[in-house]
Amino acid sequence: MIKIEIQDLHYTYPGGVEALRGISLTIKPGEQVAMVGQNGSGKTTLVKHLNGLLQPTSGSVLIGGWDTKKAAVAKLAARVGYVFQNPDEQLFSSTVGMEVAFGPHNLGYGDEKVSALVKDALALTELSDKTATNPYDLSATWRKMVALASIISMDTEIVIFDEPTTGQDALSVARIANIIAELRKRGKTVITITHDIDFCAENFERVIALSQGQVLLDGTANEVLGQENILAQTYVDPPQLTRLGKRLRLKETVRNQEEFLAALKKK
Amino acid sequence: MAIVNLQNVTYKYPLTHTPVLSNINLEVKEGEFVAVIGPNGAGKSTLCYTLAGFVPHFFKGELEGKVEVAGVDLKSTPLNEWVRNVGLAFQNPFNQISGAKYTVFEEIAFGLENQGVPRDEMNRRVDQALTMTGIRDLADRSPYSLSGGQQQRVALTSILVMQPKILVLDEPTSQMDPIGTREVFGVIRQMAERGMTVIMAEHKVEWIAEFADRVVALKDGKILLQGVPADVLTSHLLAENGFGTSRYTSAAREALKFNLWPKHLHLPTTLQEAVDGFNLTSAPSPKERGE
Numbered sequence: 135m136i137k138i139e140i141q142d143l144h145y146t147y148p149g150g151v152e153a154l155r156g157i158s159l160t161i162k163p164g165e166q167v168a169m170v171g172q173n174g175s176g177k178t179t180l181v182k183h184l185n186g187l188l189q190p191t192s193g194s195v196l197i198g199g200w201d202t203k204k205a206a207v208a209k210l211a212a213r214v215g216y217v218f219q220n221p222d223e224q225l226f227s228s229t230v231g232m233e234v235a236f237g238p239h240n241l242g243y244g245d246e247k248v249s250a251l252v253k254d255a256l257a258l259t260e261l262s263d264k265t266a267t268n269p270y271d272l273s274a275t276w277r278k279m280v281a282l283a284s285i286i287s288m289d290t291e292i293v294i295f296d297e298p299t300t301g302q303d304a305l306s307v308a309r310i311a312n313i314i315a316e317l318r319k320r321g322k323t324v325i326t327i328t329h330d331i332d333f334c335a336e337n338f339e340r341v342i343a344l345s346q347g348q349v350l351l352d353g354t355a356n357e358v359l360g361q362e363n364i365l366a367q368t369y370v371d372p373p374q375l376t377r378l379g380k381r382l383r384l385k386e387t388v389r390n391q392e393e394f395l396a397a398l399k400k401k
Numbered sequence: 004m005a006i007v008n009l010q011n012v013t014y015k016y017p018l019t020h021t022p023v024l025s026n027i028n029l030e031v032k033e034g035e036f037v038a039v040i041g042p043n044g045a046g047k048s049t050l051c052y053t054l055a056g057f058v059p060h061f062f063k064g065e066l067e068g069k070v071e072v073a074g075v076d077l078k079s080t081p082l083n084e085w086v087r088n089v090g091l092a093f094q095n096p097f098n099q100i101s102g103a104k105y106t107v108f109e110e111i112a113f114g115l116e117n118q119g120v121p122r123d124e125m126n127r128r129v130d131q132a133l134t135m136t137g138i139r140d141l142a143d144r145s146p147y148s149l150s151g152g153q154q155q156r157v158a159l160t161s162i163l164v165m166q167p168k169i170l171v172l173d174e175p176t177s178q179m180d181p182i183g184t185r186e187v188f189g190v191i192r193q194m195a196e197r198g199m200t201v202i203m204a205e206h207k208v209e210w211i212a213e214f215a216d217r218v219v220a221l222k223d224g225k226i227l228l229q230g231v232p233a234d235v236l237t238s239h240l241l242a243e244n245g246f247g248t249s250r251y252t253s254a255a256r257e258a259l260k261f262n263l264w265p266k267h268l269h270l271p272t273t274l275q276e277a278v279d280g281f282n283l284t285s286a287p288s289p290k291e292r293g294e
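These protein sequences, in sequence, are chains A and B. Note that the numbering used here has the first sequence beginning at 135, numbered continuously upward. Note that the numbering used here has the second sequence beginning at 4, numbered continuously upward.
Hints are supplied without guarantee of correctness; some may be wrong.
Claimed, not checked - When the alpha-carbon atoms are kept at most 25 Å apart in a straight line, the in silico BS3-like pairs for lysine-lysine are as follows:
id, chain 1, residue 1, chain 2, residue 2
1, B, Lys222, A, Lys264
2, A, Lys399, B, Lys260
3, B, Lys15, A, Lys264
4, A, Lys380, B, Lys260
5, B, Lys222, A, Lys380
6, A, Lys400, B, Lys15
What the hints contain is simulated information worked out from the structure, not anything from laboratory work. Nothing here was measured: the structure is a model prediction, and the numbers come from that model.
Chain B extracted, bound-state conformation:
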């Protein structure tokens, strides 16, 4: 049973004529981790806003089709009820941070305060969330004194602490250092394992390949293709439509021309797949293996 259900969704921003989303059909199961990829302008952020209810309740405009999350219909549900189920982390953490709080700890607690969560429980949950995303050491800093990547962790934490059923993330690691990115993907994967449904707009295909269950490729507001990462991320359609591919995939595609990648194998999307495949065509000698 799908917890997110989009049927024939088409959307135009106010005063515009071209739909940003065109006839989108998407079903997501509870606990699934779906990555949405696509060139800039493909509609990734708008899809995130739609799932989070900002389209149409905040941005207005014309929304056709059906958007249903956790059995609730978007058009007939006010935003303040909708957000009980769905949490959104914006692409730019500046847009997320309230500006009303002096410390990271208070910032993370802000949403819980608004819900009237008792103090003890609030402290416990904030503490847990800070630990999970690895920013306990930032608890007493001002959110505005942090670097871009640190602010992104704060923004993500302030959503996770609310324990939404559906977590919607718009390029949540765009300003993060590489290992920090991998850690955050790990945390998000964990949340999915615990049953949280995750939908993430993202360019970093290397990490999508490793962590996501499914990839939806958007182009000009339409779904170009979707499926498991290994299929979608190696499709020639992506390369032809201006999508980024992982270096492993493009190196293997080029290596094929010189018989340096085994013809019978799928192109690789992760380091391990690349190592396994290239080892078949250029197996190290026993001496090289240290034997």
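Only chain A is shown next, with the shape it has when bound in the complex:
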């Protein structure tokens, strides 16, 4: 069970842009966390610290007690999987099957275990019939699934998705929601950066809003997503049905269709 502890994290990019300005957070094992906030608020910079791709300028990041400044990126890779925003920055193999097997092979798992992990990841992402296909012969939607599968197959305790729903249609978004639900059942920690606030409301229990490199809000989805004025500071609108609920003066903050209709019936 791997806990994430971030202590007063600061990060300044070479060139002087101060992207993180004192972030402290604890994420418990098995939590499902959405990270929202304005473009340039530091979301991607923050998650790149969790697998050691970036090192703190000051402060610390502990992954299950391992300090990311000391632990090798290769070792962290066994604990933290990170799916890039743009699948094309991640994919390089000539078949989907090889792409998805690369990660677990690299972690040193035996052939039998690798093939079981690959099979499972392909089934979860609905790619089982595309094993022999070149990822670049697939549409962007399916390339995204390959990117997800190639991280899921590493079976890490912590999985990070950077804007998984960008440019995806309704069916694909539903597929991604199913994957996240399955990872939750398996007890994985899932951290997702997203601008799709309705997707965030419908799939995550905890929401962290970042603004200018600091934590603006951190709490349950209903607590955070109801704060229209504070969220506006970081260019986030509450979910559609949350806004509608407020305008209709429903008593509680609602975040999805089920909660909305229940509150409407009570009125």
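Position chain B relative to chain A; hints supplied.
Structure of chain B alone, referenced to chain A:
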């Protein structure tokens, strides 16, 4: 008089057998803002590439039918002339940014430089464009040091500065934060009000409902339906064909079953329509209204 005129357009990429666009007929008036929606693989990007002339001049392949923009025929016009009328913002800003420039300001000026626009005018136009899209504060940053959403604003700005007659946008806000998205839709609406014709592939139906004049729904390379947003976006055909709908529409559709949405009303596509409709079935008491 239509400024964009597509007649019986069918297109196949090289070495493929299935058309990506099939018998498309589309007329767009000057100053109209048309949103193109559809599941992934429906042909939205290919339609954008066709309007921008990359189909067939860059991608080759087989283009049948007639594509005419501002009275000019696509097949008989070379790309370098075609792009004087049409500007395209790619879905992925990475594909747009030149890689040849060190700052956002220079990046935005790049197209004007190539056209030999005088220096004073160039500076003025770049400045105006940066202000319009709200990225003046990024002017001295490297385009590659920006976040995805910021890069998308740069890509859009670098097209707007060219003042094309037709603006073609392929999911221009896919990586933007929500309020940034709304702002960009506002800027695009303004451009349309000033007479620029806008054709935008987009998934975000909530904003389409509020800002676009017309919606074209594509499925498997064919036009499934088109019309004003309020009609198209509430059509049962969309839900049955894997299109996304706004949460307002789907909540009202479900609420209908419990008599919580007024039967005589159109399903809502925007927040205001939803508020108005739901208030009829669950009007707040005077006390709740603070009276």
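Consistency of the hints with the structure:
no., hint, in the structure
1, Lys222/B / Lys264/A, "holds (23 Å)"
2, Lys399/A / Lys260/B, "holds (12 Å)"
3, Lys15/B / Lys264/A, "holds (23 Å)"
4, Lys380/A / Lys260/B, "holds (22 Å)"
5, Lys222/B / Lys380/A, "violated (36 Å)"
6, Lys400/A / Lys15/B, "violated (55 Å)"
Hints 5, 6, counting from the list given before, are not met by this structure.
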